Structures are given as structure tokens and as C-alpha cells.
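Student: Chains as they are written, first to last, in this note's numbering: chain X, 5 to 358; chain D, 5 to 358; chain E, 5 to 358; chain G, 5 to 358.
Hints are computed from structural coordinates only; laboratory data are not their basis.
It is possible that part of the hints are untrue.
Identical copies carry no separate label here, and so any pair may be met within one copy or between two of them.
For lysine to aspartate or glutamate, the following EDC-like pairs were computed, each having C-alpha atoms within a straight-line distance of at most 16 Å [to be verified]:
id, residue 1, residue 2
1, K75, E220
2, K281, E265
3, K153, D92
4, K153, E220
5, K75, E39
6, K75, D48
7, K75, D12
Source: prediction; values computed, not measured.
Protein chains: 4
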Amino acid sequence: MIVVMRWDATDEDVRGVERRLAELGFTAHISRGRERTVVGAIGDRPPDPDAMGLESLPGVERVMLVQHSFKLASRDFRAEPSRVRVGDVVFGGDEVVVIAGPCAVESREQILETAAAVRAAGARMLRGGAFKPRTSPYSFQGLEEEGLKLLAEARERTGLPVVTEVMSPEAVPLVAAYADMLQIGARNMQNFPLLRAVGRVGRPVMLKRGPSATIEEWLQAAEYILAAGNDQVVLCERGIRTFETATRNTLDLNAVPVLKEWTHLPVVVDPSHGTGKWRWVKPMALAAVAAGADALIVEVHPQPSRALSDGSQSLTPKNFEDLMREAAAVARAVGRRLGLPAAADARGAGAVAR
Amino acid sequence: MIVVMRWDATDEDVRGVERRLAELGFTAHISRGRERTVVGAIGDRPPDPDAMGLESLPGVERVMLVQHSFKLASRDFRAEPSRVRVGDVVFGGDEVVVIAGPCAVESREQILETAAAVRAAGARMLRGGAFKPRTSPYSFQGLEEEGLKLLAEARERTGLPVVTEVMSPEAVPLVAAYADMLQIGARNMQNFPLLRAVGRVGRPVMLKRGPSATIEEWLQAAEYILAAGNDQVVLCERGIRTFETATRNTLDLNAVPVLKEWTHLPVVVDPSHGTGKWRWVKPMALAAVAAGADALIVEVHPQPSRALSDGSQSLTPKNFEDLMREAAAVARAVGRRLGLPAAADARGAGAVAR
Amino acid sequence: MIVVMRWDATDEDVRGVERRLAELGFTAHISRGRERTVVGAIGDRPPDPDAMGLESLPGVERVMLVQHSFKLASRDFRAEPSRVRVGDVVFGGDEVVVIAGPCAVESREQILETAAAVRAAGARMLRGGAFKPRTSPYSFQGLEEEGLKLLAEARERTGLPVVTEVMSPEAVPLVAAYADMLQIGARNMQNFPLLRAVGRVGRPVMLKRGPSATIEEWLQAAEYILAAGNDQVVLCERGIRTFETATRNTLDLNAVPVLKEWTHLPVVVDPSHGTGKWRWVKPMALAAVAAGADALIVEVHPQPSRALSDGSQSLTPKNFEDLMREAAAVARAVGRRLGLPAAADARGAGAVAR
Amino acid sequence: MIVVMRWDATDEDVRGVERRLAELGFTAHISRGRERTVVGAIGDRPPDPDAMGLESLPGVERVMLVQHSFKLASRDFRAEPSRVRVGDVVFGGDEVVVIAGPCAVESREQILETAAAVRAAGARMLRGGAFKPRTSPYSFQGLEEEGLKLLAEARERTGLPVVTEVMSPEAVPLVAAYADMLQIGARNMQNFPLLRAVGRVGRPVMLKRGPSATIEEWLQAAEYILAAGNDQVVLCERGIRTFETATRNTLDLNAVPVLKEWTHLPVVVDPSHGTGKWRWVKPMALAAVAAGADALIVEVHPQPSRALSDGSQSLTPKNFEDLMREAAAVARAVGRRLGLPAAADARGAGAVAR
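Excised from the complex, chain X in its bound form (with noise of 0.2 Å):
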């Protein structure tokens, strides 16, 4: 951590912040440059500018915090990228994992035939909403423990793993009990309660980023839940809020190489709300898997015109089949696969048909 003094700071002010900076611990090293003095401040344990109350005392300009405020999530404290198992799907390793579904499950019609559909696309997961939080009190909520029965309905008949969205720590226990994966999503980035509530249960989890956190702010995040005991955690970007309006979000890819050098947890790209028309989802997914993301959550829907909430970013089971195809030749291209292989994938067709 570094205080930097103003240009009119007094040798009094500079002595005042090293004798706050010995109370809290550190040892502070002066550099006393042309214009500026800045101190150092060097310890045993992460500073907490915060809590420090350092630009509060005299002659203090600012602080500025040298390393990222995160530590379990860090490739400083993990070298290697973290695996993240969800059945025998693997988050991490040479496969590009595909979940896929619905927006919200509906019906059991059209779950269990979107299930069917994106299975034999080679999706690896199935997707839906079961607690659906709407910007609307108006708007559609979902089906509730309805939902996750049919999720789970869906799951047995077609052997994909199921993730769908957890809201209230209260729900944790609920939801943990059908799904295979929780979902924190991007309004819940920061609902620290939630966060705790998920690091305490034995599932993994996939983190969906705040529309205005930085990356650091969502690895500060994602700690919350390491730090509750539960390292099984992938990250998904699926757009922050800018000023542009011709996409819904801005899909901000360059969080994808920026991850794989910050932190050892798995990376997911959400296409279908970061752009949030269905015109434009296949080519941010290529573009996603070209940059090196781990998964993609793709939004299908068998008939994107009646879906009850996102029918505008959804795919028909057709646009995910050609998705899937192009998205295979790039995961090549750049060194990984993706999809059943057609043998697999007709043999799991098969088992749906049954």
C-alpha cells in the first residue's frame, strides 16, 4: 500500500502517517521524491485502506493499494488452474464445456424438449431458471420448486447436470437439493449473506458478474465463497452496463485473458445476455471460445417468440445445432474441444428417444 502525500504536506503530516500506519502494524518506508512524498507501507497481513482511515488524516492526497485485494482466488496463492467438476463435466481442463436451456423453465413440455434438443447438439449441461429475478414486480418470477423438479425430470431423462439460480441464502438448501450447480446471478454478485450461504454447501457454484463490478471486485466476490470453505467456483462474464444501447450488456471478453492471468478459477462467457439478441450470440460465442473461455451458457428455446421472459436473446434448438458446429472448429483451432463427438452424441440422442 502506498499513501501518497500532498504537494503541501508538512514533516508533521508525513511523521503522523507513519505513527497511524506503526499503530495498525506497518512499518512505513518514505520516498521523498521531487514533488511528492509517497510512504510505504509494509506488513505481515493485507492492508485494508478502508479501515484504515489514512486519507483522513492531514496532508494525505491519497492511498493506493499495490496488490489485489484477493488471496484464495489468486494465482499467487494457486499457480495452476483450478478443475471444476460438475458430474463428469470438467470446468478447467481441454474441453470447452456448453450448458445450455431456457431462460426459465415453463412447462414440462418445454423443458424436457429443449433438454432433448440441446443434448443432442452436444450441449454438456442443461440451463433453466426455476427463481427468476425480474426487474419487474409484474414480470413472470418462475415456476419455483415446480421448476426444479422439472429440472430434475429433465436431467434424469437426458443425463446432463443441471444449474439454475439460487436468490435468498434461505432457498440454498432447496435448491442444492435438485441442481448440480448453483447460480449466483450478476444482481446477487454482492449479496454477501447469499455468498456465505452458497460457500457453506457442498456444490459448485458459478459466479455471474455484477453489470458494473470490476474484475476485481468480482474475484473479491468469488473469495467470499472460497473463504466459506467452498473452492469448487467458475466465474461467468456475461456483460457490464456502458453506455452503448445497441446490445443489451456489453459482453466484455477481455475479462477472459485478464482471469486467466489473475486468478486459477474456470471461466464461463454468457452470450446470450451480454448482447442480448439472438442475432448476435453466435458470433460473441465463437469469439469467446477464441479467447480462450473455459464454457459457454448459451439461452435455447424451442420457440423463442412464446418464451415467458428473454425470448429476444434466445436460440432456436436449429441456430444452437449450427452454433455448436462453428464453435467446435474454432475450440480446434485454438487447441480444445467441444461437443460430444458424433458417435457419443447420437448414442445420447438415443437414450433421450428412448
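Since chain X is already given, all that's left is putting chains D, E and G on it; use the hints.
Tutor: Just chains D, E and G, lined up with the frame of chain X:
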């Protein structure tokens, strides 16, 4: 709601939109312009474009909503400004209410000393966090119920009603047992289970704006609380996230006149989080009063350099007194009043000192 | 300047940084912390990290600048506030200067009528665009030199000095021949040849903030003008681009106190562009005065619904009078004055009417 | 264009809008919905809301444009993709064109060495700045005409056409005398006199996106060039400004599919400025190719740690070779080609060595 067709949409595409709207209970009004056909949807209930799948129909370019997507919070629903009462404090009347206190309750001595000081300077309510949402899991997370008890003791001593944050649905009864007003923090603005929970409890609510929330989304979040049956809601602008890094957030005072036009709910401004530096709190507090805010919420700490959180943006009691004196002058200039009259003030201070 | 090494940097990497700094004339101060080594660079001239290539050396994580990258514009260079004079108008003194007029000069009648009206209401300078930067090539682009002549005529009639925009280096002599103050528009804030050109001419300059410029970059742009020899610069906050769409821009009043701390240059606020809606101009103008602005620039049009540009954000003369009266009250509340005293005003209006 | 009336608009207000539209040559189509009246304007020419003053009429809430505000750049105007030719290089065809070279021309040796290296690795054009827009007036500003001469020499040696930035209208003839393609930098995207000047010159233009420009505004800027008579325009995405600070800018690859749908102009991506760190350039370059970009522009420097600008984002020739090899594989995976075939490459390199 307006459906804009693509330039190359066919007549059959337009009929498809018409049919879908009819199924959903809307009448279609078709306008054929020079380069685009536009379909207006008219019906008895508010359209929810996200649940109508129109953007996935062939030939559709985009869907535009022509009216606000909130109702109970709107001026259409209630033309007169609402007044929200917390004890004898009234938000939305002639008085500009000032709420002050530390970021977090840290100790009995700290909260009682601060409460007495802000009371003496003319504050009308006390703030202080018992449950703290912190970006890092390693930061101080608040005294929890012990903090609530200390707030209640401070209220008894000073007569100041208390506002404090609640972070999860299951904590609502506990916090409501101690607090006069419940705060929903910025990170929880779209924590919908929490919004519903505070909507069902008999306590006024202060809803902070999320750092990436549009004013429209903020009012939709308020709508969750109103629709759950609680109409005692005040909105608190506390800064949005932009590219500017000089300030911790960008306090968006433009929201004040926009809200005054769009909603009947009272508006509070938080210049402490909005700027993040104590030196910039007073000018932005004065600006908020001039812009028409109904209340201010300001962080005050007896010794900011020893605060366990947010010390850099906390005022000393002395600086808070200056703010109050100058803010009172600005309030008078715009036809309002702020702070207790001198005599009452003296009596109040006396009461505390006893 | 601080060079933060990666967690896995070797001693040789640190020596590489040291050697490179030595070549560039800096002394390296090495601090070995718990998890990171940090190298401070100390030297006689300001470091330019972008020209030092340090981030491409092995083992370097990032480079942080500890001081501002502007110099002549800083409080380090000049601790006292600067005063910028345009005729007898002084920016940076006790008076809050009000500049008013139409977005664009449209006709002789329009500009003379507006000039007389704003003069009567107490404005001290006249604004009006002759060269208009328009987002679309098909929009009205201004009357050009004819517009400049009309502005000069309006000045003769009312005595109000004139500020108008210049858009290219070669137009500087022409515009400077008519105008009392040159405006650099927001889109040209980093048009460096233009900044240099106005830096070499003997006219005060109003430098508007770019919609995506940090305050730091804005002051670096001002530095271009100052370094070219013109120290008569005022800064104009006019709104930044954020995700919020309710307002045309997000007027960032936080910039006022930040600038007051970082620079000696006077600060103007433009609530017309900042909000984009005439109904929100007055509250934001009052807020700007309360926040400490040295001047306001406000769009006024005799018939906003017939304006050739920006009609939606233009005040009628009547609404401008209201703004002036209320802004004067707020100015008094914060110890300043705004507008002409009643008697002078009457004389001025008389002079116009003759 | 749609005029949305306020909820409390009177019949007279609606008639006022109708009258104003009639004056402007538009027919009004009135739709009375449940809570809002909406007026559609239909006419023979594109509406310019900013010049119509409708938002200042009584009872008007806001005005919404239903179609794009650019015309020559749109797919409505030209449904087929445009091809832009620079010598034998074609933008918008099957080949993904790669442009490479240093940020700035620094010396004869530097530019000739870089040109030979990027040529050998398969680049099709050379980039290099002679006039540099620098945030600080104290940074290296380019070699100016000397730099242009060196670029021309490098072209002669390698056969690579040259693209370089022009910063002011009066410099256009000079730069056009040396360069094969003119670059408009991000900061000048809305420098309208400059856009008009390059619109009148017989050279292809690369128009970079402004850091805060929407895609719509970017295409309006392109429209300035097209409307001035130059239809040889390519668009270059180079990152937008967001709150994220890990990357220098946020490279917005979503713009690629959006542009492919909205315009016929070819699309270039600049992963160097987009990320700001050389380590993240390759993954984002691959992602750009997968997303459908027609070209890449990449910064390469023989010794990035000694670059006079942007060293931190420059690739070494060796790293650029890796990028080319992997990008060629991704291009093949999406049905395109990138880079010279091996044999041609060998011949080219030989030519340079002679």
C-alpha cells in the same frame, strides 16, 4: 409499446407481429413510414416486452416501450408528493431532513458520542451500520445485533430515530425490531426477495440506488416494495459507477429533478458515498439541497482516521456543524428549512448532556 | 511513479527495472513487501510511463503514477485561484458569472432579441454558435461568418462580451476576430492541434470537458493551452457519458469541488447540455452555484420549439429570469453574488431599448 | 419518429404537436393508448428531432427516433457488403487483413526493421504514427513529415501499403501525399471539419471509434465522410471507455456483429489499444477474427521496452508471429483466410532482404 420493423420486413412479417399481439390481448396500430413500418400495441394492461418474444419474430428490428414500466411509484398514479414519516420526522415536506452518523457502529462510546454530536448540530435522524456489506470478506463486517442494541440506546438518549441497513430477508424481523427505518443498500437494490420482505413489514424503507441502475430500474425496484403493500419508501441517490476515478462514485444530482418529475416518492442524497472524500462532502451536500433534495444522509465519525470503515469520507463533528450551518442557508434560499431552530437545538443538546 | 512487480518476479527482473530507470535518469527505490516488490522512481523531471516501456519488461505487473500529470494547471504550480478576465467580466472572483444565449445563431432577429432578453435578466456574457458541431451531417451546421457578425452586432447593442465555438485550427483567426472568448467544444477537448492554436492566440478560452474525459485528462488538455502560452483558461463541466439515459448527459457536479482542489483555473457549469431537458436546467443551475461553480452557461431561446438545435434544453426568457432570481439567492447563501444589481440592470435594459 | 405525450397532456397539447409537425412537413398519426397518447410523424425526409423543438412543446414527454440516423452507411442503402481497396489489399472480402507496425515512427532503423518483420510474418499493411495525439503536451508528439517519409521508404522496401493518422484538416494534403490510407483517430471521431476534409480526398479512410461513441454515432461520423463523396471507409473498433480499469479500454467486440447487421462498411479491430497490455493482445485478436472482423490492426515494436509510446501494448516480432499463426487457424475455422501463404511469404521476406 412500439414494434419497429426492419427495413426489409415483408407484409407477412407485419402480419406475424399483428397476430402475436392479438394473442397477447393487444390491438395493433400500423404506421407505414417512408423507410420503416412501425406497429403500435394498445391494450388494457402494461406491456412486458421481455415476456412477449416479439424481437424474435421475423422482420422485427426492436421493441420500444413508450411509457414507464413502474406504476405505483409514478406521478400518473399519484400526482401529489408523498410524505413519509419516521416518528415526528417528515420526508417530502418543507423541511430538508438531515440524517447523520457513522458508517458503522463500532462501540458504545463511538455511537453515543456521535449521536449526541449530530443531534447537537441539528441532525433529525441517526444512521449507523450494524450489518455491513463489505467488498472483501476480510474487512470488518459489523457488530450485528449488538450494533442494533447500541443504536437503540443512542435513540433513547437523543430522541433521534434510527435508520440502518438490512441485508437479507431473514434478518428483516430482527432489524425491524430495533430500527425506525430500514435501509436497502446499493448492492441490494435488485435483491428482489429482500425488497418483498421489507415490503411486508411495517417500517419505512430507504432504498439506495444501485451503482449501475438507471432511474427507471430504481423505480421498478421501489415498485416491488410498494406492490408488496408498503408505501413508506424514500429513494436515496448515492452515486453511480462511471469511468471517473477522482471520486469514489459519481454522485448523480440530475436524478433529483428527474425523480421529482417521475415519482411522488421523497428523495434523499448521500454525498458521503457519492464522493468518497470528506473534503468534497459539504459542497455536494449544498448542491443537493439546491437541486431540491428532501433529505441528506451524511457520515460523521468522532475520529475519522480511526474509523473501521469509510473514514476517508467521514466528517468530524466540527465539519458537520459547518455543513449544517451552510446547508441551512441554502435551504432558506430555495424556500425550505433545514436543521432545528437554535433554541430547540440548545434544549436538545442539553437533554443529551444530562 | 511506482513500478509494481508481479508476485513471481525474479531478482533479475527487479534489476532490469532498475537498469531501465537508470537509463531514463531516475533513481530506483526498492521496497520488498510481503507479497510484492515495489520500485519507486525518483527523478528531476515528471515521468511519462507511456514513453518508458516499463510494462513490457519481464516481471512487471503495472506502473502507477503518484502525482498528477499536469503541471501549469495544478495548485502545486499556482496555489491561488486564477482570475480570467473578458472585458469587465471576471471569472474566479466573488461573482458567479452567467453566460446565456441560444445554442446557435439562427437570424439577426433571434440573436438580438435573445441578447437583449438575457441582458435584461442579468446575464454578463452572450453565447451563441456560429460553427456548430453536429452529430449528423444532415443537421443545421451554423451560419458561420455571418453568425459571427451577428454576435458582434449583439455585443455592440448590449455590451455583453461574446463567447463562441471554434472547431478547427485554421478557423481560429477568423473566430478570434469577432469573439471575446473562444470555446473549445466537448468533442474537441483532445483536438490537440486546435488546443495549440488557441494557446497561441490572445483570447481567453473556455475548455469544455469531453464526454468521456476524466478530470485528469481534462486538465492535461488545459495544459496544452497553458503550455502554448495562454493562461486565460476556464474549464466548463457539461456532462459526461454514462449508462443513464433519462438525461442527455450526466452533469458531473462532483467535478466542481475536485477541480477547486486540483487546479487554480475557474470552473463553469453548463446545465443545459448536462441535462438536455429545459425542465431540469434550473435545479441543476442552482446546484452548480451551491457546489461552488464560478460561472454558469445557459441556453436561452425566444421560442424553443422553433430552435434549429437543442430546443428541448433551451429556456424561454421568462424561465431564464426565474433561474437568475433563484440562482442569485443561492449565490448569496454561499457568500457570492450573481447577476447585475437591479439599478444597473434597468440602465442596461434601457440602453438596449434605445 | 414518435412523440410520446405526458400522462397529463391535454387535447390542445396534442393538437399543438400536430400543428408543429404539419409546419415541418410531416403527417401526424395519433394513437391514444391506455395511459399515454403517442404521435407518429410520417414524412418524406428523415426527421431531425434535435432541430424540431418538439420536446419543448407543452405536454410532450419525449421524442423517440425509430430508425437509424445514418443513411449512406446503412444496409437499407446498400444491402451488399462494401469492399475497400488499398493497392491489392481488399477489406471486406474473404481475407482477414492484418495491419501491423509500431505505435509511432521513431527512427529509420526502427520502422524499416519493424516493416520487414511484420511483412515476414504475413502482415498485409504497415501502420505507424507520424503525427501523434498525446494526452499530455509533454509527451513525444511524432516525427511529423520526417515520419511520413520514413513510412514511404518502408513501403518501398516491403511493398506494404501504409496507413497513418491525420489530425487536422490542413494536414490532409500532406499526409495523403505519403499514405495509402488515412486514419482518423478515436479522439477525432467527431472532428467534423476533419471528417469533411478526408471525405474530399481520394484516399481510403480508417475511422476509429471514439471512446465514448455509440455505434450509432460512429456510423453518423462515417456518414460525414460518405456524404462528402468518399465511399472508401473502414471502421475500426479500438475499445470504449467504461468503469473497468484492468484494461486500458474495453474492447467492444459486440460491435462487430452489430456493425455487420447495420452497415455494409468493413470492420477492423485494434486489440492493442483495446486492451493496453501486450499479454492480452493475442487472445483478443483471435476473438475478433472469430467474431467476424474483416481486419486486425496490431502494434509491433522491435523492442517494446524502448518504445517512445505504447510500449506496454506492443508485441515483439516473435509474439506477432505467434499471433499470426494462431489467427490464421481461427480464420480457417470460420471460413476465411489470414496471412500470406508460406511460399509468397518467403518470397516477400527475400525481397526485403535484398
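Student: Does each hint fit the structure? Answer for all of them.
Tutor: Okay, the hints, checked on the actual structure:
1. K75 x E220: within (11 Å within a copy, 31 Å between copies)
2. K281 x E265: Only across copies: K281 and E265 sit 12 Å apart there, 30 Å inside one copy, limit 16 Å.
3. K153 x D92: For K153 and D92, the Cα distance exceeds 16 Å both inside one copy (21 Å) and across copies (50 Å).
4. K153 x E220: neither (36 Å within a copy, 35 Å between copies)
5. K75 x E39: Intra 34 Å, inter 11 Å, cutoff 16 Å: inter-copy only.
6. K75 x D48: Within one copy only: 14 Å inside, 37 Å across.
7. K75 x D12: between (36 Å within a copy, 15 Å between copies)
Of the numbered hints given earlier, the model fails hints 3 and 4; all others are met.
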